[in-house]
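A.B. asks: Work out the full structure: start from the sequences and follow the hints.
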Amino acid sequence: MENIYLIFIVLLAALLGFELIRKVPATLHTPLMSGSNAISGITLVGALVASGGDHNWLTTILGTAAVALASINVVGGYLVTDRMLGMFKKKQNK
Amino acid sequence: MSSIELIINLAYVVAAALFIIGLKLLSHPSSARKGNLVSAIGMFVAVVVTLLDKQIIDFHWILLGFVIGAAYGAWKAKKVEMTQMPEMVSLFNGFGGLASLLLGWATITGMHLVSFATTSEFVFLTVFLTILIGGITFSGSVIAWGKLSGKMNAKAVIFAGLRELSIAHLLGFVAIGYLFVTQPDNLVWLYASIALALSFGIWATISIGGADMPVVIALLNSYSGIAACAAGLAVNNTILIVTGLLVGASGLILTNIMCKAMNRSLMNVLLSGFAKPVEMGEVIEGEVKILSAQDAFYVLEAAQSVLVVPGYGMAVAQAQHAVRELQSLLEENNCTVEYAIHPVAGRMPGHMNVLLAEADVPYDLLYEMDDVNPRMENYDVVIVIGANDVVNPAAKEMKGSPIYGMPVIEVYRAKSVFVLKRSAAAGFAGVDNPLFFKDNTRMVLGDAKDTINSIIREFGDD
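Protein chains in written order, with my numbering: chain A, 1 to 94; chain B, 1 to 462.
Please note that the accuracy of each hint is not assured.
[Unchecked claim] Quick list of simulated restraints, FRET-style, between CB atoms:
no.	chain 1	residue 1	chain 2	residue 2	range
1	B	Pro362	A	Tyr5	44 to 52 Å
2	A	Phe8	B	Ala175	26 to 34 Å
3	B	Ser149	A	Lys89	23 to 31 Å
4	B	Ala160	A	Phe8	45 to 53 Å
Source of the hints: derived by calculation from the structure; they are not laboratory data. It should be emphasised that the depicted structure is a prediction, and the values quoted were computed from it without experimental measurement. For every residue, glycine included, the Cβ atom is placed at its ideal position computed from N, Cα and C.
C.D. replies: This is the structure in structure tokens:
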């Protein structure tokens, strides 16, 4: 039953994703990609438990490496997206 | 469910809602920056609340990993040039894939001997998928990064037996996958899965040429999200599933847009290395008419409306700031300047838009292909900067052309066309461009930035 429930979430999230992203204009596709780099850093949440849990040393090392990699995506992704979006300006009416 | 678990899961709902609102705000340039901030707050909530998890007993390693990752990420985000965005996104796709792979691996190593018997096969299947997709994303992204940054030859690497090699990989996935799921405590299958996934990512990407990179980056972007989703299924974490899929959907939509813009199916792009090169049915012959920068200036000075069509060559020549300066001079001269951007111009979706935004070109002057094509006849001059295939009339006129059927910006219908090009050789795809021989086309040869700067100087002398 648990698995059916997870597949249900998968289905709804995928549909929602398609609906949302379709509305992003072509001009913002690069920030969208760097922004989704940042969001895919959500793996960090899973890695935290692997890194900080009561595990053997191999698991701790793998988990910590995953924390580091996911943090690169989260921090780097959001910062570079913000930097880029700050450049988009509307024409000023003289 | 304990009260801490309840708090964590409620916070995940809030985080997911913030991600969704963030993406919704991304639907317009004026609200996009706020959207990015909302999304970042969502991430912050998800991470902080996860630290409450009672399984976490030691914060030293977490802190170490986070500090290293955050420092590198912040440094990279600050110093990256806008022209290098395709490489950076590609590299980050790879990091995302590798993080998921390691998480999947850690899930197996973290299990006690007894839990191998009690854990359902569904979990092992999702771990396998995490490792598979994560591994392909990682090695594929590293190859894409190498090609985009010029560390590797960007040309498609093709050799005999590539097709057999790929089929062997696919059969291997099924076999190793079955062995891994049925004997998860035998680590040999785990390592075999990792090796096979990494190997497949390399071969699948190495056979794709530089001009098809927008599709590859978008697809790998999608994979990095799907890998996170698979990891979420493996560790039973809903926020990973939901957000991973948002990213997966985003990448797939972009992939689809890129493919449509090239009039090719995804399979055709991914397998292009396997096809024989298309023989040109017709030989294009004609005389190229050369124009000096000075003569180009005289025409531009008299023009009322100008359309600029940038391509990857503009990024290579770093000409976007010069283009912007020329725009101001033309506008002072009572000429309207607009930009037309083809979906696959550059090396990633939206790359040209970011470069022009960096050079202070207002985003409301940037038009999509379908907006400018109906009114192409109205433009006095079209300036093509470092673009070739996306303005190639062969896509419309020549049935034998490899790009026949691809939607292009129909610049040849404008009153006159200036093509800024380094030399009069064929462009990236090796397709001869009949545009160069049209009566209304003039070639301005030389480095695009130097050419525009010469025209700007002429305005100054005037």
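A.B. asks: State for each hint whether it applies.
C.D. replies: Here is how each hint holds up against the structure:
no.	hint	verdict
1	B/Pro362 with A/Tyr5: 44 to 52 Å	holds (48 Å)
2	A/Phe8 with B/Ala175: 26 to 34 Å	holds (31 Å)
3	B/Ser149 with A/Lys89: 23 to 31 Å	holds (29 Å)
4	B/Ala160 with A/Phe8: 45 to 53 Å	holds (47 Å)
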